[in-house]
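So you can see what is in the structure, the chains are spelled out below.
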Amino acid sequence: MSQLDNALNQIESDSVQDAKNEFQQLLSEAKGSSDAFVKDNAGKVENWVVMLSNNTIDKEEFDDLMADQKLAAEQFVNTQAIGAQAHGQHLTLQLLDLTATKIVPALLAVKPD
Amino acid sequence: MTHATKRGRIVAILFLLASFGGCQTGTDQATLQTLTSLSQFQLGFIDTYTAAPGKQWDDSKFQSDIATGEAMFTKAMAGVTDQKRKNALEILHRQFQKDYTFLRKRAKEGKPFFSVAAAQEKKQTIEQNYDLAKKGEVVRS
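Protein chains in written order, with this note's numbering: chain A, 2 to 114; chain B, 80 to 220.
The set of hints was computed from the structure by calculation and includes no laboratory data.
Watch out, some of these pointers could steer you wrong.
[Said to hold, decoys possible] In silico DSSO-like links for lysine-lysine, alpha-carbon gap of 30 angstroms or less: (1) B:154 <-> B:177; (2) B:213 <-> A:45; (3) B:163 <-> A:45; (4) A:40 <-> B:165; (5) A:32 <-> B:202; (6) B:177 <-> A:45; (7) B:163 <-> B:214; (8) A:45 <-> B:202; (9) A:45 <-> B:190; (10) B:190 <-> A:103; (11) A:60 <-> B:140; (12) A:71 <-> B:140; (13) B:202 <-> B:134; (14) B:140 <-> B:190; (15) A:103 <-> B:154; (16) B:154 <-> B:213; (17) B:163 <-> B:190; (18) B:202 <-> B:177; (19) A:32 <-> A:103; (20) B:202 <-> A:103; (21) A:32 <-> B:134; (22) B:214 <-> B:202; (23) B:165 <-> B:202; (24) B:154 <-> A:71; (25) A:60 <-> B:154; (26) B:187 <-> A:45; (27) A:21 <-> B:154; (28) A:60 <-> B:134; (29) B:184 <-> A:71; (30) A:45 <-> B:165; (31) B:140 <-> B:165.
Pulled out of the complex, with its shape left as it was, chain A reads as follows (with noise of 0.2 angstroms):
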């Protein structure tokens, strides 16, 4: 089993397991991308998530470098044609609202301090 799946099964809440399930895809499409960035941001998100749940980094550590990364994916987005844009970008930027809306949010209510 891998750490992210670990620090994912600490969120058993029925509430966000299609935000879990959701994650998992998006999370499993990016990393398959051709895209280095798009694959390159999934594997970051992921590493993220795990050091936040065995308190490597704190939340406002972890809020930063999601921060960091929406500046990366809007540098991204400006250099490539605008045909080129929309699927990378939109897949990116979905995994990282996700990310920072449902799955660390559930994760954090259910981490031991």
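Add chain B to chain A, keeping to what the hints say.
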């Protein structure tokens, strides 16, 4: 027109063409060099404000480093009209502003400096951001 005059005009035209070529290359190289300088500064800033045993917070140095970075970004963005180049620099500037705002807030809360773990991750993302900005320059040239 004499043969010498014709030859002189050809030389002048070739010089002008070479100058235009030089300007184009110079402009791209200048922007790439600016991005390299900003990147070195910004990564160095993260290192300076990463926790280490015995490291003490020096607020006057912190303010001075912010002023240095702001001056570098002001200079880099002066006269930039290319929209994508402007966007790229603004994104990098916001990254710098975000980092010192974060540090300032943490210092006030008694938790100065980035942790080693967060700084390592942050530096990778900042490097990636600069690499993308440089890629944007190369794509345009």
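Do the hints match the structure? See the list:
The straight-line distance between the Cα atoms of residue 154 of chain B and residue 177 of chain B is roughly 19 angstroms, inside the 30 angstroms bound, and the hint therefore holds. Restraint check: the Cα-Cα separation between residue 213 of chain B and residue 45 of chain A comes to about 21 angstroms, which is no more than 30 angstroms; the hinted pair holds. Annotation: proposed proximity of residue 163 of chain B to residue 45 of chain A holds, straight-line Cα distance about 26 angstroms (limit 30 angstroms). Distance restraint check for residue 40 of chain A and residue 165 of chain B: the Cα-Cα separation of roughly 27 angstroms lies within the 30 angstroms cut-off, and the hinted pair is therefore satisfied.
With a C-alpha separation of about 21 angstroms, the suggested pair residue 32 of chain A and residue 202 of chain B falls inside the 30 angstroms cut-off, and the hint holds. Taken as a hint, the residue 177 of chain B and residue 45 of chain A pair is honoured in the structure, with Cα atoms around 19 angstroms apart against an allowance of 30 angstroms. With a C-alpha separation of about 12 angstroms, the suggested pair residue 163 of chain B and residue 214 of chain B falls inside the 30 angstroms cut-off, and the hint holds. With a CA separation close to 12 angstroms, the supplied pair residue 45 of chain A and residue 202 of chain B stays within the 30 angstroms bound.
The straight-line distance between the Cα atoms of residue 45 of chain A and residue 190 of chain B is roughly 24 angstroms, inside the 30 angstroms bound, and the hint therefore holds. Among the hinted pairs, residue 190 of chain B with residue 103 of chain A is consistent with the structure: their alpha-carbon atoms are about 27 angstroms apart, no more than 30 angstroms. At roughly 27 angstroms between alpha-carbon atoms, residue 60 of chain A and residue 140 of chain B fall within 30 angstroms of each other, so this suggested pair holds. Taken as a hint, the residue 71 of chain A and residue 140 of chain B pair is honoured in the structure, with Cα atoms around 29 angstroms apart against an allowance of 30 angstroms.
Taking the CA atoms of residue 202 of chain B and residue 134 of chain B, the gap is near 19 angstroms; set against the 30 angstroms cutoff, the hint holds. Pair hint residue 140 of chain B plus residue 190 of chain B holds up; C-alpha atoms about 17 angstroms apart against a cutoff of 30 angstroms. Proposed proximity of residue 103 of chain A and residue 154 of chain B is contradicted: the alpha carbons are some 41 angstroms apart, above 30 angstroms. A hinted pair counts as satisfied when its Cα atoms are at most 30 angstroms apart, and residue 154 of chain B with residue 213 of chain B qualifies at roughly 18 angstroms.
The hinted pair formed by residue 163 of chain B and residue 190 of chain B fails the criterion: a straight-line CA distance of about 37 angstroms is larger than 30 angstroms. Using a Cα cut-off of 30 angstroms, the hinted pair residue 202 of chain B and residue 177 of chain B holds, with the two alpha carbons roughly 14 angstroms apart. Under the criterion of a C-alpha separation no larger than 30 angstroms, the hint pairing residue 32 of chain A with residue 103 of chain A is consistent with the structure, at around 20 angstroms. A C-alpha spacing of about 26 angstroms is found between residue 202 of chain B and residue 103 of chain A, which places the hinted pair at or below 30 angstroms, so the restraint holds.
Only pairs whose Cα atoms come within 30 angstroms are accepted, and residue 32 of chain A paired with residue 134 of chain B is rejected, the gap being roughly 39 angstroms. Under the criterion of a C-alpha separation no larger than 30 angstroms, the hint pairing residue 214 of chain B with residue 202 of chain B is consistent with the structure, at around 18 angstroms. At most 30 angstroms may separate the alpha-carbon atoms for a hinted pair to count; residue 165 of chain B and residue 202 of chain B meet this at roughly 22 angstroms. Straight-line distance between C-alpha atoms of residue 154 of chain B and residue 71 of chain A comes to about 25 angstroms, which keeps the hinted pair within the 30 angstroms bound.
With a CA separation close to 35 angstroms, the supplied pair residue 60 of chain A and residue 154 of chain B exceeds the 30 angstroms bound. Simply put, residue 187 of chain B and residue 45 of chain A have alpha-carbon atoms about 29 angstroms apart, close enough for the 30 angstroms limit, and the pair holds. With a C-alpha separation of about 46 angstroms, the suggested pair residue 21 of chain A and residue 154 of chain B falls outside the 30 angstroms cut-off, and the hint is violated. Distance hint between residue 60 of chain A and residue 134 of chain B is fulfilled; the C-alpha atoms sit about 23 angstroms from each other, no more than 30 angstroms.
Between residue 184 of chain B and residue 71 of chain A, the direct Cα distance comes to roughly 20 angstroms. Compliance with the 30 angstroms bound is thereby established for this hinted pair. Between residue 45 of chain A and residue 165 of chain B the CA atoms are separated by roughly 27 angstroms; this keeps the pair inside 30 angstroms, and the hint holds. For the given pair, residue 140 of chain B sits about 29 angstroms from residue 165 of chain B by alpha-carbon distance, which is consistent with the 30 angstroms threshold.
In the structure shown, a violation is registered for the earlier hints numbered 15, 17, 21, 25, 27, in ascending order.
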